[in-house]
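Protein chains in written order, with full-length UniProt numbering: chain A, 1 to 433; chain B, 1 to 433; chain C, 1 to 433; chain D, 1 to 433.
Treat each hint with caution, since some may be false.
[What the hints assert, rightly or not] Coverage of chain C stretches by chain D, computed from C-beta distances (three or more under 8 Å per stretch; other residues unrestricted):
hint: 1; stretch: 218-226
hint: 2; stretch: 265-278
hint: 3; stretch: 316-322
[Claimed, not checked] Calculated lysine to any residue pairs in the SDA-like style (CA-CA distance at most 25 Å, straight line):
hint: 4; chain 1: D; residue 1: 249; chain 2: A; residue 2: 407
hint: 5; chain 1: C; residue 1: 283; chain 2: B; residue 2: 212
hint: 6; chain 1: A; residue 1: 283; chain 2: D; residue 2: 296
hint: 7; chain 1: A; residue 1: 283; chain 2: D; residue 2: 130
hint: 8; chain 1: C; residue 1: 249; chain 2: B; residue 2: 212
hint: 9; chain 1: D; residue 1: 283; chain 2: A; residue 2: 143
hint: 10; chain 1: B; residue 1: 166; chain 2: B; residue 2: 414
hint: 11; chain 1: C; residue 1: 60; chain 2: C; residue 2: 194
hint: 12; chain 1: A; residue 1: 425; chain 2: A; residue 2: 359
hint: 13; chain 1: C; residue 1: 367; chain 2: C; residue 2: 403
hint: 14; chain 1: B; residue 1: 283; chain 2: C; residue 2: 233
The hints are simulated quantities; they were obtained by calculation from the structure and are not laboratory data. Even glycine gets a Cβ: it sits at the ideal position worked out from N, Cα and C.
There are 4 protein chains.
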Amino acid sequence: MNSIGYLTEEQIVTELLTYRREFHRYPESGWTEFRTTAAIVKRLTELGYHITMGEQATRKAEMMGVPDANTLSRHQERAIAQGADAAIVAQMTGGHTGLWADLNCGDGPTIALRFDIDANDITEARDSTHRPAKEGFASENQGVMHACGHDGHAAVGLVLAELLAKDKSRWQGNIRLIFQPAEEGVRGARAMAAAGALDNVDYIFGFHLGFQAERTGVLVASTGDFLATTKLNVWYEGVPSHAGAYPEKGKNALLAACTAALNLHAIPRHSGGATRITVGTLKAGQGRNITPPNAYFELETRGVTSELDEYMRLEAERIIRAAALTWDVQYRMEIAGGTKSGESSPDMAELVEREAASMPVFTAVRKRSSFGASEDFAHFMSTVQERGGRGGYIQVGADLASGHHTSRFDFDECSMLHATELLYKVTKAVLAK
Amino acid sequence: MNSIGYLTEEQIVTELLTYRREFHRYPESGWTEFRTTAAIVKRLTELGYHITMGEQATRKAEMMGVPDANTLSRHQERAIAQGADAAIVAQMTGGHTGLWADLNCGDGPTIALRFDIDANDITEARDSTHRPAKEGFASENQGVMHACGHDGHAAVGLVLAELLAKDKSRWQGNIRLIFQPAEEGVRGARAMAAAGALDNVDYIFGFHLGFQAERTGVLVASTGDFLATTKLNVWYEGVPSHAGAYPEKGKNALLAACTAALNLHAIPRHSGGATRITVGTLKAGQGRNITPPNAYFELETRGVTSELDEYMRLEAERIIRAAALTWDVQYRMEIAGGTKSGESSPDMAELVEREAASMPVFTAVRKRSSFGASEDFAHFMSTVQERGGRGGYIQVGADLASGHHTSRFDFDECSMLHATELLYKVTKAVLAK
Amino acid sequence: MNSIGYLTEEQIVTELLTYRREFHRYPESGWTEFRTTAAIVKRLTELGYHITMGEQATRKAEMMGVPDANTLSRHQERAIAQGADAAIVAQMTGGHTGLWADLNCGDGPTIALRFDIDANDITEARDSTHRPAKEGFASENQGVMHACGHDGHAAVGLVLAELLAKDKSRWQGNIRLIFQPAEEGVRGARAMAAAGALDNVDYIFGFHLGFQAERTGVLVASTGDFLATTKLNVWYEGVPSHAGAYPEKGKNALLAACTAALNLHAIPRHSGGATRITVGTLKAGQGRNITPPNAYFELETRGVTSELDEYMRLEAERIIRAAALTWDVQYRMEIAGGTKSGESSPDMAELVEREAASMPVFTAVRKRSSFGASEDFAHFMSTVQERGGRGGYIQVGADLASGHHTSRFDFDECSMLHATELLYKVTKAVLAK
Amino acid sequence: MNSIGYLTEEQIVTELLTYRREFHRYPESGWTEFRTTAAIVKRLTELGYHITMGEQATRKAEMMGVPDANTLSRHQERAIAQGADAAIVAQMTGGHTGLWADLNCGDGPTIALRFDIDANDITEARDSTHRPAKEGFASENQGVMHACGHDGHAAVGLVLAELLAKDKSRWQGNIRLIFQPAEEGVRGARAMAAAGALDNVDYIFGFHLGFQAERTGVLVASTGDFLATTKLNVWYEGVPSHAGAYPEKGKNALLAACTAALNLHAIPRHSGGATRITVGTLKAGQGRNITPPNAYFELETRGVTSELDEYMRLEAERIIRAAALTWDVQYRMEIAGGTKSGESSPDMAELVEREAASMPVFTAVRKRSSFGASEDFAHFMSTVQERGGRGGYIQVGADLASGHHTSRFDFDECSMLHATELLYKVTKAVLAK
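Here chain A stands alone, though its shape is the one from the complex:
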């Protein structure tokens, strides 16, 4: 096969590379994807999609782990300086990045495709053995890098948008392309779902380049065992005191945090299935000889079902409160992220497998893999399923230069073509007249 819809593979690859490398060059982390969102909005508007963005696309109360207002406005300026349309950027004030775009093709089911667009807080490698550096598209934004392939996901989304729009007459139903912000830290899906991104959705698909499909040619047709997770930030505030002169006057936030950390890790295992808890970071104290008046720590809970994660979260919150009482310190707790558990619908796995069968590039197809980690897509998929719909998460094989979330991450760009074609076929299978 040499073309998908009305474009040749060569044309498609050219577009994919252009988009991907542009996104790679200007990576933006969660809730600061101003330039990326603006570029997508512009292109999809040209293609005739109906755009939902800004406060309509992400419900404020459900946005988790949002940077402070100063940081956000600095990033808006940065995005404009890097070429973003100022009028579009203005609509995202407050961190309301991301969007969804509808292509209404008459009566029929609604299919949603999710593309995540945010980058990682990682400093990209700069030497010439790293292709993006060598070929001039490495990150221009210090400390931020597309190290998880979301640049590729967004590129696939834009090219797919073009292909689907040009073939509009062939579909019956509605196509919704969801460009999700803040997938890292699983902070964005909940806000989009709450704003209506899943209204009337009958089918939803997400995909990832690489990951468990760790080389080009592999296809994981569906994915399950997404762990539900909750991300918590905790602050303790005590009272400082000279630890030599007046030890009794201090209220020790460091010991409160240590008591919490130890007891949190001792939450009982659950007979209902796998759970996790980790206090990943802890910072406390102001000086060696001062009763530590401050402590901050970040933790996460997980469960193979949302109920199990909820069990962990409730236990954790009580222990955190009790540790504050133990050392007579004040506390503040914030949910900084979280997503549901998930499992692809079995019939969607079969549909994907069937469509993939016609693509010779996929030499190794696995029907299902167990994810054992968390993905914000699970929030979308589980919500659609709870409402009676179906969903699937596909992993499209890609040779990797280095693992996900490392400073030398890079992937075989051909995988974008494979993903584009497969998603086109899946959409066709659902919506074709």
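Assemble the complex: chain A is given as a structure, and chains B, C and D must be docked to it using the hints.
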């Protein structure tokens, strides 16, 4: 000197030995001193003292660490079977042991002398190298033993009562002999003081055979640095669960107790002076494979001042409450004992030293020693001082067969004579016309 | 069907009740089953079985949680006083209870059937609502009770032994009846396997009355997800000190145990599957005002595979060692029990299901249940499977008066008939000419 | 009195202000006092003192908490850029700042006077309500500030050097002026003493402006109860792992640090006197979802005697080692500072009190205060006393704009005059012909 008041030393020694060995043979631990109290009441009544006993002598709400009703009533029966007057024993139902006895000698100050009468929960040695066993006056009460010399204290009290009563015409003022129950565990003084034992008291003295005066001939004229202390019992109650099958259903009382114990020992030191905390015993759990639904532990706090002990107690109570919250278990806390800090009045130290100077038996006199532990007498003494009175705690030297609170404890009985004489002189110095 | 082999159901029930009630009356806990073993040995010898017992049947080094020599010898005397054959009891000195018995029926496979014979450390209810008390066969041994149905298991074993022996000519192969001591606490299987109980065994079956088959008529044809487990006892020994006077001189074993307990429960979860850890009991300290010089605690680890249990055990041992170092106390650790994980062979599940199909009494047959707990049979079964054999664990439904391991436990004795018949059929299916 | 030695008070004040404000403008923290040392060396050389500096003045092996080589060399460059003599600075490579200076005045005792010269890691206030900012001598070195008055101490040292040198003919004996680096964190005295700073010293005096003499006119003639202290830095290194996917592969350094912190604070109190322990800062972890592979914490122990501090340090080291074993992580420990306990010699207190009596400015003289904290001077003083000499620590009253170690610290500069005069008189009392 060959006589004290109207008795010769020989007569006195005979009486002291008779009383002491009788008390030694029937030891009774705190709040079960039914036989001992009855014997004292009988003798003092004969001598013309006015007795205050039963509910008039110990205020119920302030009695700490009282055995349950069954145990008390079993001990009342035991006391009667061992010769106690049933009518007197009946007045002590509920554990109201102990008494005070007044000898009113006209206008003048009131001097109180405190004698503690309870025994220890220790099993006495039975072999012939242990004099009480060899000479036939070892404990008849299994698991209870006079291993701290309170048998000797009570004997001194009775003989002194006789001497003072016979010389009644020589005194002006009031003599109050306080025979205190439950000194071990510092559980009894508070209840007596609350019932009025110290009303109108201007001077109070207590004494101990041996202790820091570790051989016959030594005299410690006054004692200070008594530690204030609080004794706490704590119960946690959780929920059992099969630890293999349903670990999440259990509420773990053992982990609550461990969290409490660790954090209790981490209470900050205090710049105001020495403090102590010890979780001395802990018992938790029902079986290896069951989430422990129960835990019980005993702790004590101490402070070189009552304020410091209070600081420790308040910290401890909060931590105990917080550990219950940590593991979502119920808790109950009980104050099982406690006493104030204390320091002998300097002028009383001088008075004692002066009187002792006329007794050649005291070859080594120390004006003051630092106690560094707790004594229920401190509650009496500090209360008298707070009300403007004065007090002193004397240690009368005695050769010891083995240390206090051991199964082979025994003391040189001559020390009782020395104590009797010294207390007679002290009383005379205060009340003589 | 009115008979099994050469006995009528009525005869069988009569025998089963006689044996079961006799065993129930004289319950013996792990490694003290002297009377029970002697009775079984005597009967099986009469029936022509070849007996392996004493040191030949349980390898000393692998016997876990054995009582001390005094206790064992007291129980030998007790057993003889309760009618056991003194000569047979003498062969079990040192706690070598249990036996296996072979019935060689010519060339063919070897099938082993496991019957556990020990009782629980529970005091049996005595009132007339408890049938064993009402009907006069309640425990004669204070504090010991057949509260898990092993009395019924042993009875089934003896009747089955009779049925199989009488029909000897119908079999080709070897029948091995394993009467296992010390199943409670999973302490006995390892010692029997090490002594050769599984040599040449091709098939092995075990069963339980009641449990997950919680009413008469239910059959669980096979069982899996037995948790591997290790039972550990830990002693800490520190140094006592007066906690008020010399806190710094103590070495605190209680705090060592608390530090261990908290950290043990914080061992990370494992991505390989379910694990468990519980410190089930803890006892420490000698008095409220003494630095606790002693601590003893009992814990268990579990894993859904033996490797996972091993992971937990190794982590636990290091933490226990480290907690001793933390508080500068000595420690001693002892493995008090343990067994492997296990999963019935699928083809054995089918065989059992097939045979049960011909028994109308089983109105509710489940092919497999997930056990989620530990059983010493798993050690036998997994060992046979590792050597190429097959095995299955059957749960035979029984109405229960009260749950397993409670003082009012009792079961519908008809279930013994069902178990006897089913095991007869299973044996026949394997060995019939 | 209008002059001290050959200078008028007005001349002295002018010099003191010049020196102090110059030092204040160029503050240098411990072991980077290159500019300060160079300035002092230059002036004392002019005055005829014999200088001991560089590796001769601070023994390398005993220098604690020294910055890394890069930092030191950067500071050497900075000092030269700020006017320091490059040749002098070169002699201090490796952080060998500080010096001592001898004025040999013939036979007689040696008196040492200690002046500490380092600044604090504090950012100075910049607004006009802060006098140093308003009058143009606020810190030029970002993040460093003279917030403890050592600028004043150094100024007093230089003016006193001049006065004593001009009056050289009046003295018999040796005058040694010790300008100590790295007093903050008590890191410098040990290295100077080890290099010989106290050889042949018979009398040693140190002083502080302000502190417990919290307003101008107060004099604390002597100081005791300096706490011995040890400063420890601890690193734990474990193994990172994805906390959701492979929790069992991580080695958790954060939990090791928490276990250490809790147990460190639970080290028993000591009957020998006051002790302290504080884990003042803790930083651990790399990300919320990664098993924390790193932890770093800073702690300090204290004791009212050096033996008590040693007790705390040894307990702490064992607990730190054990916590590493608990979580199977590597550890590294470093002593970052430490000093002895101390008590001024009573006869030196009298000498100072006597001299102060002739200075009307001192309207409130306290003979002694209990310090209850640590000072590196205690190392010097105790060492001299151990060798048979005598010492004293004086606190010279100063009105303060804000407390020591705060960003708005400033002091009444007149106090420098009072200190200069008092030290002149003390020296005269010891050495005058």
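Would you check the hint for residue 166 of chain B and residue 414 of chain B, treating anything up to 25 Å between C-alpha atoms as holding? It holds: about 23 Å lies between the C-alpha atoms, which stays within 25 Å.
At least three residues with a C-beta closer than 8 Å to a C-beta of chain D: is that true for the stretch 218-226 of chain C? violated (count 0)
Straight-line alpha-carbon gap residue 283 of chain B to residue 233 of chain C, limit 25 Å: Holds, at about 15 Å.
Has the given pair, residue 367 of chain C with residue 403 of chain C, been kept, meaning a C-alpha gap of at most 25 Å? The given pair, whose Cα atoms are some 23 Å apart, holds under the 25 Å limit.
For the pair supplied as a hint, residue 249 of chain D and residue 407 of chain A, is the alpha-carbon distance within the 25 Å limit? 22 Å, holds
Pair hint residue 425 of chain A and residue 359 of chain A, alpha-carbon separation not exceeding 25 Å: Satisfied, since the Cα-Cα distance of roughly 10 Å is no more than 25 Å.
Within a Cα-Cα threshold of 25 Å, do residue 283 of chain A and residue 296 of chain D meet the stated pairing? 10 Å, holds
With the threshold set at 25 Å, check whether the alpha-carbon distance from residue 283 of chain A to residue 130 of chain D stays at or below it. At roughly 32 Å apart (the allowed maximum being 25 Å), residue 130 of chain D and residue 283 of chain A break the hint.
Within 8 Å of chain D (C-beta), three or more residues of the stretch 265-278 of chain C: holds (count 6)
Would you mind confirming whether the straight-line C-alpha gap from residue 283 of chain C to residue 212 of chain B stays at or under 25 Å? 33 Å, violated
Do the alpha carbons of residue 60 of chain C and residue 194 of chain C lie within 25 Å of each other, as the hint requires? Distance ~9 Å between residue 60 of chain C and residue 194 of chain C Cα, so the pair holds.
Check the hint pairing residue 249 of chain C with residue 212 of chain B against an upper bound of 25 Å on the C-alpha distance. 19 Å, holds
Checked against the numbered hints above, the structure breaks hints 1, 5 and 7 and satisfies the rest.
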